[in-house]
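**Q** The residues making up each chain are set out below.
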Amino acid sequence: MADRFSPLQRYFLTALFCMASAFGLTFFADDLDHANIVMPLLLVVLLVSVNLGRDCAVFSAVLCVSLFDYLFVPPRFSFAVNDPQYLVTFFVMLVVALTTAHMASGLKQAAADALKREEITQALYKVAKDLAGALTGSQVNEIISKFVLEQTASKSWIIETQDNKIVRDEMTKGSPFSIESHMATIALRDKRTVNSSSLNGADWASLYVPLGTSMRTYGVLSVSNIENPQINLRMIEALASLIAITLERLHYAQVAQKNELEIVSERLRSSILSALSHDIRTPLTVLVGLADSLSMVKPSLPAQALETSAAIAQQAMRLSNLVSNLLEMARLNSGEVKLRFEWHLLQDVVGASLQHLNLALADHRIITNIPSNLPLLELDAVLMERVVSNLLENAVKYSPKGSRIEIGAIEHPSDIEIYVLDQGPGFDATKLEEVFSLFVRGEKESNKPGFGVGLAISQVVVKAHRGNIYAQNNSDGGGSVHVLLPKGMPPELEQEVCA
Amino acid sequence: MDFRVLIIEDEIQIRRILKNALEDEGCHISEAGSVKEGLRQVGATNPELIVLDLGLPDGDGIGFIEEVRTWSDTPILILSARFDEKDKVAGLNAGADDYLTKPFGVSELIARIKALLRRKPRLEEDVSPLVQFGNCSVDFSTRTVLREDQEIHLTPIEYKLLAVMLSRPDKVMTQTHILKTVWGDSYADSAHYLRIYMSHLRQKLEENPSQPKHFLTEIGVGYRFKQ
Numbered sequence: 054m055a056d057r058f059s060p061l062q063r064y065f066l067t068a069l070f071c072m073a074s075a076f077g078l079t080f081f082a083d084d085l086d087h088a089n090i091v092m093p094l095l096l097v098v099l100l101v102s103v104n105l106g107r108d109c110a111v112f113s114a115v116l117c118v119s120l121f122d123y124l125f126v127p128p129r130f131s132f133a134v135n136d137p138q139y140l141v142t143f144f145v146m147l148v149v150a151l152t153t154a155h156m157a158s159g160l161k162q163a164a165a166d167a168l169k170r171e172e173i174t175q176a177l178y179k180v181a182k183d184l185a186g187a188l189t190g191s192q193v194n195e196i197i198s199k200f201v202l203e204q205t206a207s208k209s210w211i212i213e214t215q216d217n218k219i220v221r222d223e224m225t226k227g228s229p230f231s232i233e234s235h236m237a238t239i240a241l242r243d244k245r246t247v248n249s250s251s252l253n254g255a256d257w258a259s260l261y262v263p264l265g266t267s268m269r270t271y272g273v274l275s276v277s278n279i280e281n282p283q284i285n286l287r288m289i290e291a292l293a294s295l296i297a298i299t300l301e302r303l304h305y306a307q308v309a310q311k312n313e314l315e316i317v318s319e320r321l322r323s324s325i326l327s328a329l330s331h332d333i334r335t336p337l338t339v340l341v342g343l344a345d346s347l348s349m350v351k352p353s354l355p356a357q358a359l360e361t362s363a364a365i366a367q368q369a370m371r372l373s374n375l376v377s378n379l380l381e382m383a384r385l386n387s388g389e390v391k392l393r394f395e396w397h398l399l400q401d402v403v404g405a406s407l408q409h410l411n412l413a414l415a416d417h418r419i420i421t422n423i424p425s426n427l428p429l430l431e432l433d434a435v436l437m438e439r440v441v442s443n444l445l446e447n448a449v450k451y452s453p454k455g456s457r458i459e460i461g462a463i464e465h466p467s468d469i470e471i472y473v474l475d476q477g478p479g480f481d482a483t484k485l486e487e488v489f490s491l492f493v494r495g496e497k498e499s500n501k502p503g504f505g506v507g508l509a510i511s512q513v514v515v516k517a518h519r520g521n522i523y524a525q526n527n528s529d530g531g532g533s534v535h536v537l538l539p540k541g542m543p544p545e546l547e548q549e550v551c552a
Numbered sequence: 027m028d029f030r031v032l033i034i035e036d037e038i039q040i041r042r043i044l045k046n047a048l049e050d051e052g053c054h055i056s057e058a059g060s061v062k063e064g065l066r067q068v069g070a071t072n073p074e075l076i077v078l079d080l081g082l083p084d085g086d087g088i089g090f091i092e093e094v095r096t097w098s099d100t101p102i103l104i105l106s107a108r109f110d111e112k113d114k115v116a117g118l119n120a121g122a123d124d125y126l127t128k129p130f131g132v133s134e135l136i137a138r139i140k141a142l143l144r145r146k147p148r149l150e151e152d153v154s155p156l157v158q159f160g161n162c163s164v165d166f167s168t169r170t171v172l173r174e175d176q177e178i179h180l181t182p183i184e185y186k187l188l189a190v191m192l193s194r195p196d197k198v199m200t201q202t203h204i205l206k207t208v209w210g211d212s213y214a215d216s217a218h219y220l221r222i223y224m225s226h227l228r229q230k231l232e233e234n235p236s237q238p239k240h241f242l243t244e245i246g247v248g249y250r251f252k253q
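So the sequence lines, in the order shown, correspond to chains A and B. Start counting at 1 in the first sequence, then tack on 53, and there's your number in this note's numbering. Start counting at 1 in the second sequence, then tack on 26, and there's your number in this note's numbering.
Bear in mind the hints are in silico, worked out from the structure with no lab data behind them. Zero decoy hints are in this set.
List of simulated lysine-lysine pairs, BS3-like, C-alpha gap at most 27 Å:
1) A/Lys484 x A/Lys450
2) A/Lys391 x B/Lys206
3) A/Lys391 x B/Lys112
4) B/Lys45 x B/Lys140
5) B/Lys112 x A/Lys516
6) B/Lys112 x B/Lys140
7) B/Lys186 x B/Lys252
8) B/Lys112 x B/Lys239
9) A/Lys351 x B/Lys140
10) B/Lys239 x A/Lys454
11) A/Lys450 x B/Lys239
12) A/Lys450 x A/Lys516
All chains should be built: construct the whole structure from the sequences, respecting the hints.
**A** Below, the structure is given as structure tokens:
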């Protein structure tokens with residue numbers, strides 16, 4: 054009711070009401086005891102304070118005491134007082150009236166506040182429901198802008214952050230006001246609300262609330278020109294935690310989706326590789342088999358035909374090796390392969406490689422120079438065998454028939470060096486590092502078979518072993534490739550009790 | 027060779043090559059294109075050797091080996107792609123006798139099959155206590171190992187390892203199998219023991235230990251003794 058009138062009107066109404074009551078009571082002045090005249094006047098104060106607010110209540114209290122003095126206390130129609138004991142009546146009456154006024158208007162205010170809070174709670178509840186359905190950051194922003202506008206008549210904008218940093222252009226694009234990025238950064242860094250009333254009024258956001266959960270901070274809520282800060286500030290902060298939870302939910306939903314996507318594409322890649330591997334290997338197997346069976350035809354084919362069939366088989370094998378290298382390379386690069394590290398003897402790996410290459414090495418003199426007391430090395434034997442085989446194959450490919458190829462190992466303080474040394478022309482001195490990149494070969498336009506896959510995959514494997522690989526030319530001619538592998542801590546071996 | 031051989035392989039071309047090559051050697055061939063058909067053929071033809079492709083369309087070659095092993099010790103030769111060391115080991119541990127990596131030469135295939143078939147009747151006779159390879163001879167009855175007529179001293183574990191390796195010549199043995207047999211179950215994960223002791227054997231018995239001729243490493247799988 055108080056809101057419907059201007060202050061002047063309210064005072065006027067108060068005066069009118071008090072006077073009407075007091076003058077009405079004068080008709081009963083002779084019949085009623087003074088105490089019973091005070092009571093209705095106090096009731097008037099109570100009514101005024103309930104309906105017209107605190108200021109009018111105080112005014113009515115003073116007015117009613119004055120009117121009581123003027124109209125009823127002898128000598129009547131004068132402010133003079135004959136009997137000093139009426140001063141007690143005045144005093145008590147004034148205190149009671151003021152107390153009543155104060156409490157009644159306070160109660161009213163409290164009721165109004167409670168109502169307002171109830172409204173805010175309802176609104177927050179509704180916005181929480183809306184946020185639960187939000188699927189994107191811009192939807193969240195839209196819901197919040199609408200809510201803040203309805204509740205406080207202020208504009209608002211969510212500044213999303215990337216890696217806990219505000220990206221100025223990206224994040225403020227589309228905002229309804231200017232953003233003081235320094236204050237937003239402070240809010241973000243200190244995880245506290247920053248409110249600058251000096252920015253009020255202008256077209257600037259003045260309130261910055263961090264949007265953080267216990268896990269991390271997702272952004273800053275900026276609000277312009279906030280009114281009634283006592284209530285609205287708390288509401289905005291409550292709102293901020295709702296937004297933070299929503300953004301966190303969106304974040305994790307995104308992460309989950311991304312993970313699922315990665316798993317699916319990983320599986321796809323893996324199945325493509327294995328299908329490819331199978332599909333290429335099958336015709337190669339057939340090719341090798343067919344060529345071989347030609348050489349077994351009885352009666353035997355002419356020598357030339359036999360040679361041809363052997364060459365077909367050999368080339369198919371070579372192609373198979375190449376495909377293996379490429380597929381292994383793809384698998385390693387995709388990060389799909391988990392290395393199976395175990396403690397191995399280098400002799401085993403080299404021995405297996407020599408055995409595997411048996412025929413290909415037949416035209417060269419192979420010298421092995423591996424100390425028998427070499428410590429165990431932690432490696433993926435299958436992949437390392439591939440490296441050794443590739444190095445040996447390369448040596449065979451680029452050095453003349455009958456020449457010497459040496460494979461050996463040297464123990465250094467912190468690592469083991471494996472080397473393959475040939476007596477070929479060596480590497481192009483300007484390309485010692487390039488030879489490990491894919492599809493670079495030692496000689497330009499060379500007619501030697503093979504891409505640079507062998508050295509490239511060797512490098513990938515050696516790097517996966519935390520090792521190093523390099524090529525060099527030696528003073529006595531010929532090239533060599535060196536692999537350095539870290540020594541690590543080999544497991545202890547229980548000594549056998551000799552009988 | 028007059029043996030019944032079952033070929034289980036889904037690629038018709040590869041099957042035909044295997045068939046032709048083995049028939050030239052005098053074998054009787056039955057064929058299957060799937061695990062299901064394979065199991066049926068095992069029952070119907072009672073083969074003396076099975077060649078099994080691990081990548082069959084209806085699945086599990088390992089399951090096939092386990093199933094066959096419950097009632098038959100027919101030698102099984104696995105064919106597989108080069109990458110799948112894990113599959114090979116699983117197949118061998120399930121009871122397969124050897125493996126070949128695709129692509130393979132026909133002569134290699136014939137040699138492996140001959141070795142597998144040669145071994146079979148030997149189980150029925152008494153195993154000879156005397157084994158010779160390279161310039162070494164081992165007499166199990168007296169537990170002596172000679173190299174160029176010089177006695178070689180082996181530790182008990184080395185001797186045990188030698189005995190296990192020599193027991194199945196030409197057969198690939200997975201490292202888990204050797205570890206369990208020589209050291210016992212609790213050492214199944216201590217492969218480095220096997221590697222060290224194998225290198226001791228090579229030092230003592232091979233002419234050139236770093237280019238072994240008899241104690242061969244099947245990388246990622248295990249070891250093979252070649253006479």
